[in-house]
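Enquirer: Each chain, written out:
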Amino acid sequence: MLGIALLVFREVLEAALIVTVVAAATRGVPRRAVFVGGGIALGVAGAVIVALCMGFIEGSLGGIGQEVFEAAVLLAAVVMIGWHVTWMSSHGKEMVQHMQRVTDAVKAGSSSIAILLAVVALAVLREGSEIVLFLFGMAAGGAGKSGFLAGVPLGLAGGVAVGFALYFGLLRIPLRHFFTVTNWMLVVLAAGLAATAAGFLIQANLLPALGSQLWDSSWLLKNSSIVGQAVHILTGYEARPAGMQLVFWIATFALLAAGMRLMAWRMRVQRNRSQPASTTGLSPNAAAATHGA
Amino acid sequence: MHTWLPKILLTGVLAVAAVAAHAASMPQFRLVLKDQRFQPATLKVPAKTKFKLLVTNDNTVPSEFESTDFNREKIVLPNSTITVFIGPLAKGTYKFYDDFHQSTKGTLVAE
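For the protein sequence lines, the chains are V and E, in the order given. With numbering that gives the first Met the number 0 as the guide, the letters of the first sequence map in order to residues 0 to 292. With numbering that gives the first Met the number 0 as the guide, the letters of the second sequence map in order to residues 0 to 110.
Please note: incorrect hints may appear among the correct ones.
[Claimed, not checked] Label-pair distances were calculated between CB atoms; the ranges are:
hint, chain 1, residue 1, chain 2, residue 2, range
1, E, GLN35, V, SER59, 27 to 33 Å
2, V, ARG171, E, GLN35, 41 to 47 Å
3, V, MET0, E, ASP57, 24 to 30 Å
4, V, ALA257, E, THR59, 50 to 56 Å
5, V, ALA139, E, ALA46, 35 to 41 Å
6, E, LYS33, V, LEU60, 23 to 29 Å
[Unchecked claim] To be clear about the criterion: a stretch of chain E counts as covered by chain V if any three or more of its residues have a C-beta under 8 Å from a C-beta of chain V, and this derived list gives those stretches:
hint, segment
7, 57-69
8, 73-84
9, 87-94
[Said to hold, decoys possible] Here are the simulated DSBU-like pairs of lysine-lysine, each with C-alpha atoms no more than 30 Å apart in a straight line:
hint, chain 1, residue 1, chain 2, residue 2
10, V, LYS144, E, LYS33
11, V, LYS144, E, LYS47
12, V, LYS221, E, LYS33
13, V, LYS221, E, LYS43
14, E, LYS49, E, LYS33
15, E, LYS43, V, LYS144
16, E, LYS43, E, LYS94
17, V, LYS221, E, LYS90
18, E, LYS49, V, LYS221
19, E, LYS33, E, LYS51
20, E, LYS51, V, LYS144
Calculated directly from the structure, the hints in this document are not laboratory data. Don't be surprised by glycine CBs; every beta carbon is placed ideally from N, CA and C.
With the rest of the complex left out, here is chain V (with noise of 0.2 Å):
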């Protein structure tokens, strides 16, 4: 029972801690529970789809099919993060400001949303597919009942805890400072999800590992151990990285940071010339509808 519970635990916290980021980055946008409940719904189906078609994926591209697949949906979510950041950083401030009446700027950042919709969708696909696949083993190995019905309960609760306990505490961040916050994180999570991806694709043969192990980091924090497991997910640390990996961490987030740069710039200067519309005494409200129209 303790076996399960611990394994469905440790993936259920993988996939928890990404949508526990991504659920306080939407803070405030309206519907936002539908979203990422639908997101993690569809990623359950996905995982039952994906560990029935698992020796489909593995017999596929000459047996390297299963590190191509992990690698394509890592990278599909980074570059659906990027796109977030992106969007995020021309209108992040005025959800700050009109947090409380909804405007515009949120109503058409729900395609934002549904791309994270689709992120949190990934991340539950990804570590679901493999609680699939172990509890079936588990069932054709004739794991008792019991063990079953509390472990799979108790690893579940356990990982979906650690999630909230992590949501609650980013709550405490000021409010404008909150998105400065999330909006980092969602950065240096699709860093270490592009990094991952990487160590697949170097698993594959098809990178080269431009030295297969950097640094040994070990002594200080273990991959294996929970802590480093949780690190792992929300920043991409590995105790002994390929050089490739930390190119692709690099450049991820280099792009990323580089991308918000330009887009806070971009809006900066549409403010300043837009402003002397708001001087002839339309509200901010009528202003967002004549450019929404």
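Place chain E on chain V using the hints.
Expert: Below, chain E without anything else, positioned relative to chain V:
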């Protein structure tokens, strides 16, 4: 229309072929998962050399071949064989395990 397109495709094909040729000349090792044990439990591999490891699952349930020591993870379905590329590793011992059955462990010795 795009004269560069065939060139890029050709380069890509050649690159893949080069990688494949390189993979074919790589040293190759084999592990078998049977009765929830790795056979052999200790595998000797050359240090500072990239190698190809085949892991066969002879059990009736899925396993996940994993190592945080050399950073690899891959699901191995029952009655099937996976390929993972590992290294080049520095001299030393590296642990690996079946993530779905944590008591199933083995050691890689690079020398």
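Enquirer: With reference to the structure, classify each hint as holding or not holding.
Expert: Outcome of the hint check:
As the Cβ distance of E/GLN35 to V/SER59 is approximately 28 Å, the hint placing it in 27 to 33 Å holds. As the Cβ distance of V/ARG171 to E/GLN35 is approximately 46 Å, the hint placing it in 41 to 47 Å holds. At roughly 26 Å, the beta-carbon separation of V/MET0 and E/ASP57 lies within the given 24 to 30 Å, and the hint holds. In this structure, V/ALA257 and E/THR59 meet the distance hint of 50 to 56 Å, their C-beta atoms being roughly 51 Å apart.
Checked against the given bound of 35 to 41 Å, the beta carbons of V/ALA139 and E/ALA46, roughly 39 Å apart, stay inside it. Taking the beta carbon of each, E/LYS33 and V/LEU60 are about 27 Å apart, inside 23 to 29 Å as hinted. Taking a C-beta to C-beta cut-off of 8 Å, the segment 57-69 of chain E contributes 8 residues in contact with chain V, enough for the three needed, and the coverage statement holds. A stretch counts as covered by a chain when three or more of its residues have a beta carbon under 8 Å from one of that chain; for the segment 73-84 of chain E and chain V the count is 8, and the coverage holds.
Here the segment 87-94 of chain E counts 3 residues with a CB under 8 Å from a CB of chain V, which clears the bar of 3, and the coverage holds. In summary, the hint linking V/LYS144 to E/LYS33 is supported, as the alpha carbons are separated by about 25 Å, within the 30 Å threshold. Simply put, V/LYS144 and E/LYS47 have alpha-carbon atoms about 47 Å apart, too far for the 30 Å limit, and the pair is violated. With a C-alpha separation of about 28 Å, the suggested pairing of V/LYS221 with E/LYS33 holds against the 30 Å cut-off.
A hinted pair counts as satisfied when its Cα atoms are at most 30 Å apart, and V/LYS221 with E/LYS43 qualifies at roughly 24 Å. Distance hint between E/LYS49 and E/LYS33 is fulfilled; the C-alpha atoms sit about 26 Å from each other, no more than 30 Å. Restraint check for E/LYS43 and V/LYS144: the C-alpha separation of about 40 Å exceeds 30 Å, so the hint is violated. Straight-line distance between C-alpha atoms of E/LYS43 and E/LYS94 comes to about 12 Å, which keeps the hinted pair within the 30 Å bound.
Among the hinted pairs, V/LYS221 with E/LYS90 is consistent with the structure: their alpha-carbon atoms are about 20 Å apart, no more than 30 Å. Taking the CA atoms of E/LYS49 and V/LYS221, the gap is near 24 Å; set against the 30 Å cutoff, the hint holds. Restraint check for E/LYS33 and E/LYS51: satisfied, since their Cα atoms lie roughly 20 Å apart, inside the 30 Å limit. At most 30 Å may separate the alpha-carbon atoms for a hinted pair to count; E/LYS51 and V/LYS144 exceed this at roughly 39 Å.
Checked against the numbered hints above, the structure violates hints 11, 15, 20; every other hint is satisfied.
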